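**Student:** Guided by the hints, dock chain B onto chain A, whose structure is given.
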Amino acid sequence: MNQPTIGVVLSDLEREGLFERDDQTNATEALQQAGTTSPWYVRLMVGFGAWWAALFFMGFFSLLTHSKAAALISGVLLLAGAVLLRRMEKGDFLNQLALAASLSGQLLVVFGADVKTATSAALLVLAMQGVLIAFYADQTHRLLSTLAAVAAIEVLLFDWKWTYGSALLAGLLGIVSIRLWLKEAAFVGAGMERLIRPIAYGLVIAMFGLLLPSIFPPFLDAHNPLTLHMKYLWLSTALLGAGLLYLVHVLLTERGLPAFGAFALASYAAVVLLLVPAQRAPGLIGALIVLLLGFRRDNRLLLGMALLFLAVFLSAYYYNLSISLLLKSGALVGSGAVLLGLRWVLVRQLPQEGDNHAH
Amino acid sequence: MDPLDQPASASRLRQLFRAGVLDTDAYERALALAGVTPDGAAWRRFLDWLLAGLGATLVLSGIVFFFAYNWADMHRFAKFAVLEVTLLLTVALAWRLGPDTHGGRAALLGAAVLPGVLLAVYGQTYQTGADPYGLFLTWGLLIAPWVLIGRSAALWMLLLVLGNLSLMLWWTGVYRPPQWLGFAQELGPVFWLGITFTDADLALLVVALNSLALITYEAMADRLAWLGGRWMPRVLMVGILATLTVPVMRAIFDHGGHGVGMLSVRLAPLAWVAITVAGVLIYRNVRRDLFMLAALALEAIVVSTAFLAEKMHFRDAGMMLFLSLLVVLMTGAAAYWLRQTARTWEGEA
Numbered sequence: 000m001n002q003p004t005i006g007v008v009l010s011d012l013e014r015e016g017l018f019e020r021d022d023q024t025n026a027t028e029a030l031q032q033a034g035t036t037s038p039w040y041v042r043l044m045v046g047f048g049a050w051w052a053a054l055f056f057m058g059f060f061s062l063l064t065h066s067k068a069a070a071l072i073s074g075v076l077l078l079a080g081a082v083l084l085r086r087m088e089k090g091d092f093l094n095q096l097a098l099a100a101s102l103s104g105q106l107l108v109v110f111g112a113d114v115k116t117a118t119s120a121a122l123l124v125l126a127m128q129g130v131l132i133a134f135y136a137d138q139t140h141r142l143l144s145t146l147a148a149v150a151a152i153e154v155l156l157f158d159w160k161w162t163y164g165s166a167l168l169a170g171l172l173g174i175v176s177i178r179l180w181l182k183e184a185a186f187v188g189a190g191m192e193r194l195i196r197p198i199a200y201g202l203v204i205a206m207f208g209l210l211l212p213s214i215f216p217p218f219l220d221a222h223n224p225l226t227l228h229m230k231y232l233w234l235s236t237a238l239l240g241a242g243l244l245y246l247v248h249v250l251l252t253e254r255g256l257p258a259f260g261a262f263a264l265a266s267y268a269a270v271v272l273l274l275v276p277a278q279r280a281p282g283l284i285g286a287l288i289v290l291l292l293g294f295r296r297d298n299r300l301l302l303g304m305a306l307l308f309l310a311v312f313l314s315a316y317y318y319n320l321s322i323s324l325l326l327k328s329g330a331l332v333g334s335g336a337v338l339l340g341l342r343w344v345l346v347r348q349l350p351q352e353g354d355n356h357a358h
Numbered sequence: 000m001d002p003l004d005q006p007a008s009a010s011r012l013r014q015l016f017r018a019g020v021l022d023t024d025a026y027e028r029a030l031a032l033a034g035v036t037p038d039g040a041a042w043r044r045f046l047d048w049l050l051a052g053l054g055a056t057l058v059l060s061g062i063v064f065f066f067a068y069n070w071a072d073m074h075r076f077a078k079f080a081v082l083e084v085t086l087l088l089t090v091a092l093a094w095r096l097g098p099d100t101h102g103g104r105a106a107l108l109g110a111a112v113l114p115g116v117l118l119a120v121y122g123q124t125y126q127t128g129a130d131p132y133g134l135f136l137t138w139g140l141l142i143a144p145w146v147l148i149g150r151s152a153a154l155w156m157l158l159l160v161l162g163n164l165s166l167m168l169w170w171t172g173v174y175r176p177p178q179w180l181g182f183a184q185e186l187g188p189v190f191w192l193g194i195t196f197t198d199a200d201l202a203l204l205v206v207a208l209n210s211l212a213l214i215t216y217e218a219m220a221d222r223l224a225w226l227g228g229r230w231m232p233r234v235l236m237v238g239i240l241a242t243l244t245v246p247v248m249r250a251i252f253d254h255g256g257h258g259v260g261m262l263s264v265r266l267a268p269l270a271w272v273a274i275t276v277a278g279v280l281i282y283r284n285v286r287r288d289l290f291m292l293a294a295l296a297l298e299a300i301v302v303s304t305a306f307l308a309e310k311m312h313f314r315d316a317g318m319m320l321f322l323s324l325l326v327v328l329m330t331g332a333a334a335y336w337l338r339q340t341a342r343t344w345e346g347e348a
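The listed protein sequences derive, respectively, from chains A and B. Take the first sequence: its letter number 160 is residue 159 in numbering that gives the first Met the number 0, and every next letter is one higher. Take the second sequence: its letter number 87 is residue 86 in numbering that gives the first Met the number 0, and every next letter is one higher.
Be aware that one or more of the hints could be misleading.
To be verified - Subject to a maximum C-alpha distance of 16 Å in a straight line, what follows is the list of computed EDC-like cross-link-like pairs (lysine to aspartate or glutamate):
#1 182(A) x 297(A)
#2 115(A) x 158(A)
#3 182(A) x 24(B)
#4 182(A) x 27(B)
#5 67(A) x 113(A)
#6 182(A) x 192(A)
Keep in mind that the hints were calculated from the coordinates and are not lab data. Just so we're clear, the structure is a prediction, and the values are computed from it rather than from any experiment.
Pulled out of the complex, with its shape left as it was, chain A reads as follows:
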């Protein structure tokens, strides 16, 4: 896509009375200040070093003391130190130290708290992640904390034998993700972007993570005691389907299309029809949701994740169909033909709305 420069966009805004030329220097400053983020591979290297340092640190503490109380106290102190250190924002080196200290601190707290059951360990982790997400002002850390929190909830659900819990959780994560990504602009405006964005990414990743077991045939075996919750996959599909309906509704109204016009009703019908073959494959619906959310704001990261998981869930879907290869071949050609036909209809039927209505 050919993107205009910031300068061009600003002069367009000025022509429409949305921007004053005097603010141009502010714009330059704002862009210069924020232009110092490291590329992903540098952050990956830093993250790798942090985990490694944290492991050595843990080794140090475990060799130094065999007292659980001492481990607990040092863990809490490490966490407090890490939060303070990160708040000072003094560049990569100290951020790195803070991340390592926080990871070791968390491990020490769990080890030192001497919890007896999986439930209490999970509750402890959950509470700790809640506090850390609120106070540890770092995007990577908040993403990791979100993932750890979801993992803790998953442990709780297993421990309480809420067999439908995992499927329910995956669906709910999808719905909350939709809400957060649709409200992105509001969060940025309220200055909460650095809090909400990593959480929103974390929830999307966690949703895919929870849906991933649904692609492995052994997990689909209803008699396997470990995977009882797989009986409830339809629950994820239903929740995600509701979320997809809502998302399609929002997208249509955003484009200024009537919420209950012919095109809208046809789109809702298509979503509902899709739920029938996808009742045991909620991953397909989840990937479609993330794909639409990503395209809505040209978010390459969301688009990339969605396409990757769409490929994974789609191949697993056909792989797991318990029909002969010949029927599979027919199903593939048939559904492919349906999509191509749908494209033919859609491209011709999609209302030719101009761009004049846009705010």
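**Tutor:** Same frame as chain A, now just chain B:
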């Protein structure tokens, strides 16, 4: 470069919004002006592309499944015919579209993959009893002419992977099979690779092969426009460093070792030093690539930490603390160095 001349990406517009330069209305409008929020035409293109891509993929896999279903019952000539007709079709498509279009390149890559399938079916049909390395070697030789005229990094990468596989399979299957080969193969390809490279002679050969490819790529990149992408040299560098790690770790931890390959075990650290020094000089000064510097830095951190851990008493609490702080220090220093390097480049640009 004037910040206002940068492309109006979603993250830059967000910065302006966050800094209060734009209000909510202006931000939303700016997103639309910059094409971040798609207009009606963009949504139509997106749906068109998505449905066409998915539909075509499903139909094509359906056709593949159809032949897979009938495969066992097909006469061997029918099998060959199916594969050879597909091969001819992809070659014809590549010829029609030309090597400088996306479609033409994809078609030629498909044509380069098919001889491998054909050879596998041939080996299965006539039970030639040949060693597996022969398949990859023949495959590579067969597609070499296409690779030469194809003007595509992906084709060269395929040829290089086939070369690596031929060498490794010949070595572990014919020349000097490792003791744990069967067990390692049971555990999967990653373990197989790891076990394979504990033979330091082979590891250094693989490193040499891929280093040669990397050097050639970098030397030719300025002259050939189609080598402009950076993914292939980056994949090569990661592969070289990962392969080299196995014999270097043996050199650090495996003192009393004797037997085959010990000369290469002793040479591996020297090779690592040479690659690191040359890499830093080249990718810092000649062909500026921060990814390469980050990869070299990470490998340096891994190797020096392992070296110090071995030299000191490993199970001592004080040493654990020392190593932990050392890793933090080295990673922090590496990140600082990378950032400074990037800043220097920006200043000179």
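**Student:** Each of the hints needs a verdict: does it hold here or not?
**Tutor:** Outcome of the hint check:
As the CA atoms of residue 182(A) and residue 297(A) are separated by approximately 15 Å, the hinted pair is consistent with the 16 Å bound. A distance of roughly 13 Å separates the Cα atoms of residue 115(A) and residue 158(A); the hinted pair therefore holds under the 16 Å criterion. A hinted pair counts as satisfied when its Cα atoms are at most 16 Å apart, and residue 182(A) with residue 24(B) qualifies at roughly 14 Å. Annotation: proposed proximity of residue 182(A) to residue 27(B) holds, straight-line Cα distance about 12 Å (limit 16 Å).
About 7 Å separates the Cα atoms of residue 67(A) and residue 113(A), which keeps this hinted pair within 16 Å; it holds. Taken as a hint, the residue 182(A) and residue 192(A) pair is honoured in the structure, with Cα atoms around 11 Å apart against an allowance of 16 Å.
Of the numbered hints stated above, none is contradicted by the structure.
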